[in-house]
Amino acid sequence: MRPGPRVDSVTAMPSIRPIALAVIRRGTALLVFEARDDVKGETFHRPLGGGIEFGERSEDALKREFREELDAEIVVKKLLGVLENVFTWQDRPGHEIVFLYAAEFADPSRYELDEMKILDDPATARWVDVRDFLDGGKILYPTGLTELLSADQ
Numbered sequence: 001m002r003p004g005p006r007v008d009s010v011t012a013m014p015s016i017r018p019i020a021l022a023v024i025r026r027g028t029a030l031l032v033f034e035a036r037d038d039v040k041g042e043t044f045h046r047p048l049g050g051g052i053e054f055g056e057r058s059e060d061a062l063k064r065e066f067r068e069e070l071d072a073e074i075v076v077k078k079l080l081g082v083l084e085n086v087f088t089w090q091d092r093p094g095h096e097i098v099f100l101y102a103a104e105f106a107d108p109s110r111y112e113l114d115e116m117k118i119l120d121d122p123a124t125a126r127w128v129d130v131r132d133f134l135d136g137g138k139i140l141y142p143t144g145l146t147e148l149l150s151a152d153q
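1 is the number of the first residue of the sequence shown in the UniProt record's numbering; add one for each residue after it.
Keep in mind that a hint or two might mislead.
[What the hints assert, rightly or not] Straight line, CA to CA, 27 Å or less: simulated DSSO-like cross-link-like pairs of lysine-lysine:
1) K117 x K63
2) K78 x K117
3) K40 x K117
[Stated by the list, open to error] Here are the in silico distance ranges between beta carbons for each label pair:
4) V39 x P122: 17 to 27 Å
5) G41 x P122: 18 to 28 Å
6) P14 x L113: 30 to 40 Å
No lab work stands behind these hints, which were simulated from the structure alone. We put the beta carbon where it would ideally sit given N, CA and C, even for glycine.
Build out the structure end to end from the sequences listed, making use of the hints.
As structure tokens, then:
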């Protein structure tokens, strides 16, 4: 899930968090996890991935996150885009620079699973049809990803 605002260790000011997320598809479905913002009363979805550590390349961060979250190896393909995501979650401000990559599971048997338990979080990853996001039936974050997927169709 999204943490509260990242704070710079020197200035104690909120800072921008760089993250890398994977767009992994199974046919017309996208691998995402579901989360809830109780303050907004909103349920949303987001692709898997996470924070980029200092000195770590975004592609390497993505591979590490998948090992930590699903105990899975992925093959990172092309960079689909970079989005700036300014948001509030649970009434706390956040600001992310999001590197979005097309990726695939190294093990094809992963595509046979309808859901995968995220190991370091209470959430579960599931395949959701991209059309559910494109038609506005479900919310997909980060903001701008739906448009990127629409252009990619």
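Outcome of the hint check:
Taken as a hint, the K117 and K63 pair is honoured in the structure, with Cα atoms around 17 Å apart against an allowance of 27 Å. Of the pairs offered as hints, the one joining K78 and K117 holds, with about 26 Å between alpha carbons and a cut-off of 27 Å not exceeded. For the given pair, K40 sits about 25 Å from K117 by alpha-carbon distance, which is consistent with the 27 Å threshold. Checked against the hint of 17 to 27 Å, the pair V39 and P122 passes, with Cβ atoms roughly 19 Å apart.
In this structure the hint that G41 and P122 lie 18 to 28 Å apart at CB holds, the actual value being about 20 Å. At about 37 Å, the beta-carbon gap between P14 and L113 stays in the expected band of 30 to 40 Å.
Violated hints for the displayed structure: none, as all numbered hints are satisfied.
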